[in-house]
Amino acid sequence: MAHIKLGDNSLEKETVTLNLGPTHPATHGVFQNILELDGERIVSAQSTIGYIHRAFEKIAEHRPFYQITPLTDRLNYCSAPINNMGWHMTVEKLLGIQTPKRVDYMRIIAMELSRIADHLVCNSVIGVDSGAFTGFLYVFQKREDIYEIFEEICGSRLTTNMGRIGGFERDFNDVAIAKIKKFIVEFPDVMREFENLFNRNRIFIDRCVGVTPVSAEKALAYSWSGPLLRSCGVDYDVRVAKPYCSYEEFDFEIPVGTTGDIYDRFLVRNEEMWQSLSIIKQALVKMENEPKGIFNAEVPDYCLPPKEDVYSSMESLIYHFKIVMGEVPIPKAEIYHSVEGGNGELGFYLVTDGGRAPFRLHFRRPSFINYQAYVDIAKGGMISDAILAMSSLNVIAGELDA
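Throughout the sequence shown, residue numbering follows the UniProt record's numbering, covering 1 to 402 in sequence.
Any given hint might turn out to be false.
[To be verified] Quick list of in silico lysine to any residue cross-link-like pairs, SDA-like style, CA-CA up to 25 Å:
(1) 93 x 169
(2) 322 x 354
(3) 379 x 23
(4) 101 x 175
(5) 292 x 169
(6) 379 x 25
(7) 142 x 277
(8) 286 x 100
(9) 286 x 133
(10) 322 x 95
(11) 292 x 381
(12) 322 x 97
(13) 307 x 169
(14) 218 x 381
(15) 101 x 240
(16) 58 x 44
(17) 286 x 147
(18) 179 x 154
(19) 322 x 154
(20) 307 x 152
(21) 218 x 384
(22) 292 x 174
Calculated directly from the structure, the hints in this document are not laboratory data.
The whole structure should be built from the sequences, with the hints applied where relevant.
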């Protein structure tokens, strides 16, 4: 209990110090906020992060490029394939590798499925934190369906290690394609049901509209990106501003909000899921129009040969050894590449000195940047609003701390 004197008079006002986290279930991650409360209203707050800092950037300086991919899985683990492919595209930019169109379309399908899975988690949890658990149960089966697709593509579900530098380790099999088509058919009904539960729900609207609004100017000052920035009315999307992976060939809209409050963040993510579904449909058609069997670039110095060839061909064995052990030539360079992650601009700043590992690697982690504003937007609100605000920022602890 703290005692604060107001002005020169002797009137004292009591405030309460409350620890929100690092282990409170409502924080959805291991981070702490020390709140100073006047009743239930937040007078001031202080954030503490770093509880699961794993020094990934320093570890990367001692790993060959291939062995860095599993580190990216553990940033935003709700949409790991976007992290994987963002890293692969960074290395491809460094090496001057041009991927086939079919590889681009395969990557887009995986990344947009990841975006849907990420947004399903965020928006359904916003519902839970406003007191509505049903929507969470409705949509999580679709997230499970996405994980089953990932399992067919790469053998993993959450931390996927999906793809390779130059493309994929294998082609999409018939089961994966069938499951993608099944998802395209079934997801709209589930999504409409989810929106019917929340979009015009009086209680949900009262809990979200006008709560922790952020202006476009403040969002830009905090260097926000992704759905949070777009909810404030700024139509910045890396897929359009700096196209990669043939996104310029696709027809999709960038949903934007007006007030930047929790309701706008919710609606923007909902609409982005519809747009992602449209992109997946387009990518599937484009992929099927390309010759089958192409799933990586023709660069044997950097693309692992098929495993069966490694056991029978000396040349394949040599390439496999050189690539895995990091004995392939790497140019000296300083580059930056970014992709549109589930939470915003996910960037990779890479400096190489010609060695087998990066000289320096920095991850631009959207959760780390977006979370800076939390103390500011929570101040003056209620505890219940602070919980909802945290959910609407979709702070993923692995991406926050790295």
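Hint numbers contradicted by this structure: Of the numbered hints, 9, 11, 16 do not hold.
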